[in-house]
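Peer 1: Here is what each chain is made of, one letter per residue.
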Amino acid sequence: MLRVKLSIFCIFCGLFLFNACRQDMADQPSYRPLQPSNFFADGQASRPLVQGTVARGQLRDDVHLYTGKKEGQLVTTFPFTVDKTVVKRGQERFNIYCAPCHGQTGSGNGMIVQRGFKKAASYYDKEVREKSVGHYFDVITNGFGAMAGYSAQVNVRDRWAIIAYIRALQESQSGNVEPLPIETMTDFAPSGVVDPKKQNPLSGSTPKVEKKTEEKSESGGH
Amino acid sequence: MAQIFPKNFNNLAKISIIVTALVVAIGGGVFNLIVIRSSYLTQAQVAIEQPIQFSHKHHVGGLGLDCRYCHTSVEDSAFAGIPPTRTCMNCHSQVWVTSPMLEPVRSSFETGKGLTWQRVHNLADFAYFNHSIHVNKGVGCSSCHGKVDQMPLMWKENTLQMEWCLQCHRNPEKVLRPKEEIFNMEWEPPADQEVKGRELAKQYNIPSKELLTSCSTCHR
Numbered sequence: 001m002l003r004v005k006l007s008i009f010c011i012f013c014g015l016f017l018f019n020a021c022r023q024d025m026a027d028q029p030s031y032r033p034l035q036p037s038n039f040f041a042d043g044q045a046s047r048p049l050v051q052g053t054v055a056r057g058q059l060r061d062d063v064h065l066y067t068g069k070k071e072g073q074l075v076t077t078f079p080f081t082v083d084k085t086v087v088k089r090g091q092e093r094f095n096i097y098c099a100p101c102h103g104q105t106g107s108g109n110g111m112i113v114q115r116g117f118k119k120a121a122s123y124y125d126k127e128v129r130e131k132s133v134g135h136y137f138d139v140i141t142n143g144f145g146a147m148a149g150y151s152a153q154v155n156v157r158d159r160w161a162i163i164a165y166i167r168a169l170q171e172s173q174s175g176n177v178e179p180l181p182i183e184t185m186t187d188f189a190p191s192g193v194v195d196p197k198k199q200n201p202l203s204g205s206t207p208k209v210e211k212k213t214e215e216k217s218e219s220g221g222h
Numbered sequence: 001m002a003q004i005f006p007k008n009f010n011n012l013a014k015i016s017i018i019v020t021a022l023v024v025a026i027g028g029g030v031f032n033l034i035v036i037r038s039s040y041l042t043q044a045q046v047a048i049e050q051p052i053q054f055s056h057k058h059h060v061g062g063l064g065l066d067c068r069y070c071h072t073s074v075e076d077s078a079f080a081g082i083p084p085t086r087t088c089m090n091c092h093s094q095v096w097v098t099s100p101m102l103e104p105v106r107s108s109f110e111t112g113k114g115l116t117w118q119r120v121h122n123l124a125d126f127a128y129f130n131h132s133i134h135v136n137k138g139v140g141c142s143s144c145h146g147k148v149d150q151m152p153l154m155w156k157e158n159t160l161q162m163e164w165c166l167q168c169h170r171n172p173e174k175v176l177r178p179k180e181e182i183f184n185m186e187w188e189p190p191a192d193q194e195v196k197g198r199e200l201a202k203q204y205n206i207p208s209k210e211l212l213t214s215c216s217t218c219h220r
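Protein chains in written order, with our numbering: chain L, 1 to 222; chain X, 1 to 220.
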């Protein structure tokens, strides 16, 4: 009987000893995104991919889709068919990533420009309108002049969707300007069949008027 | 030898045991009800100092930037993402370029060494949370993070305790909103939220309360 009592006593003592070196479950040694680490030289827990790694489904073999070029030339067509859902997606992405500078109507007078950024290009300037879609893709990916590249923030399909929306914007405001070259009209025809004389299938999506522009302007200048 | 304790000390001893037990019970209750939920322990509503005075009030409320401009992965991953220095430099290559407030951003951009933001929200590692499922199923940022567009420095609007997760998982209809409103900081439930919420729950295919409150949903 004494033996049993003694061993129970020992077990409890043991438990108390182990208690002292318990693992804190709330702060586990595994890493979470962006957590620092003093194990690696660069101080980051996330490791960069080994050179040449290709994740499943991410072999970038579609040059047209990923670079906007074909045999070194800027493309003039979209890599996939553009329909209303693509343009809608483009509109949403445009308003997030481009409208701060280019404005929701694309005239180049967004909020950040009003706060001192260089005036962004207007999509309605003849020179800009006549650029190929491949050029637009290149601008979004690598930047242009004062504008930084957006490859880290906008994925490739969304970049093309944004371009489709910009084309729709240009089309919707082309009433009193020269019509777009037929070449670019082909760009956003739903299935490749185009009749340039017919109304554009996307002209229903007229841009929303800028509404955020003049609202608040607290906070000091420069 | 004379007795040290007279006989009536027996009663006193008993009473003092009961009183101690009561004090412990009431104290524990107060601790549980008030102290554990207090902002002193949970850090809720306490603004956190950062290496740079980055203001959501100016960038979201003032400039009208969308959350996704900076928190790019919030729609399709568990982690919302904190913007890299490059994102700040998209604008601050030209705006406020001489401001000493932005010196850390510029030197981080030049040296390639990231900024070290202090975490404001940090769940215990044994709990699983995922942004994309909430954001894609009609739970807006402001339902959990409050009016971010009015925060000069970021704070945690809610305690993030299990109790808080559960009060919504038991009754998600109260907060569900249409897809277009997710990033709208001004959204308030309309008068007929009861009906709308139930419709949206059906439309989004929200699982049953039993599933949403079962332990393995969050402790996996």
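There could be a bad hint or two in this list.
Stated by the list, open to error - Here are the simulated BS3-like cross-link-like pairs (lysine-lysine), alpha carbons at most 27 Å apart as the crow flies:
#1 X:Lys137 x L:Lys84
#2 X:Lys202 x L:Lys88
#3 X:Lys179 x L:Lys88
#4 L:Lys118 x X:Lys57
#5 L:Lys84 x X:Lys202
#6 L:Lys88 x X:Lys7
#7 X:Lys209 x L:Lys88
Unchecked claim - Here are a few chain L residues that sit away from chain X, every Cβ distance over 10 Å (derived from the structure):
#8 Asp62
#9 Ser132
#10 Phe144
Stated by the list, open to error - Pairwise CB distance ranges (calculated):
#11 L:Asp62 x X:Cys215: 22 to 32 Å
#12 X:Asp66 x L:Gln51: 51 to 61 Å
#13 X:Phe126 x L:Gly43: 21 to 31 Å
#14 L:Asp61 x X:Phe129: 30 to 40 Å
#15 L:Pro36 x X:Ser16: 26 to 36 Å
#16 L:Asn38 x X:Ile48: 16 to 26 Å
It should be emphasised that the hints constitute simulated quantities derived from the structure, not laboratory data.
The structure presented is a predicted model; accordingly, all values stated were derived computationally and were not measured.
Don't be surprised by glycine CBs; every beta carbon is placed ideally from N, CA and C.
Peer 1: Work down the list of hints and note, for each, if the structure agrees.
Peer 2: Hints and how they fare:
no. : hint                           : result
1   : X:Lys137 x L:Lys84             : 23 Å, holds
2   : X:Lys202 x L:Lys88             : 24 Å, holds
3   : X:Lys179 x L:Lys88             : 14 Å, holds
4   : L:Lys118 x X:Lys57             : 23 Å, holds
5   : L:Lys84 x X:Lys202             : 26 Å, holds
6   : L:Lys88 x X:Lys7               : 89 Å, violated
7   : X:Lys209 x L:Lys88             : 34 Å, violated
8   : Asp62                          : 21 Å, holds
9   : Ser132                         : 24 Å, holds
10  : Phe144                         : 13 Å, holds
11  : L:Asp62 x X:Cys215: 22 to 32 Å : 45 Å, violated
12  : X:Asp66 x L:Gln51: 51 to 61 Å  : 34 Å, violated
13  : X:Phe126 x L:Gly43: 21 to 31 Å : 26 Å, holds
14  : L:Asp61 x X:Phe129: 30 to 40 Å : 36 Å, holds
15  : L:Pro36 x X:Ser16: 26 to 36 Å  : 52 Å, violated
16  : L:Asn38 x X:Ile48: 16 to 26 Å  : 22 Å, holds
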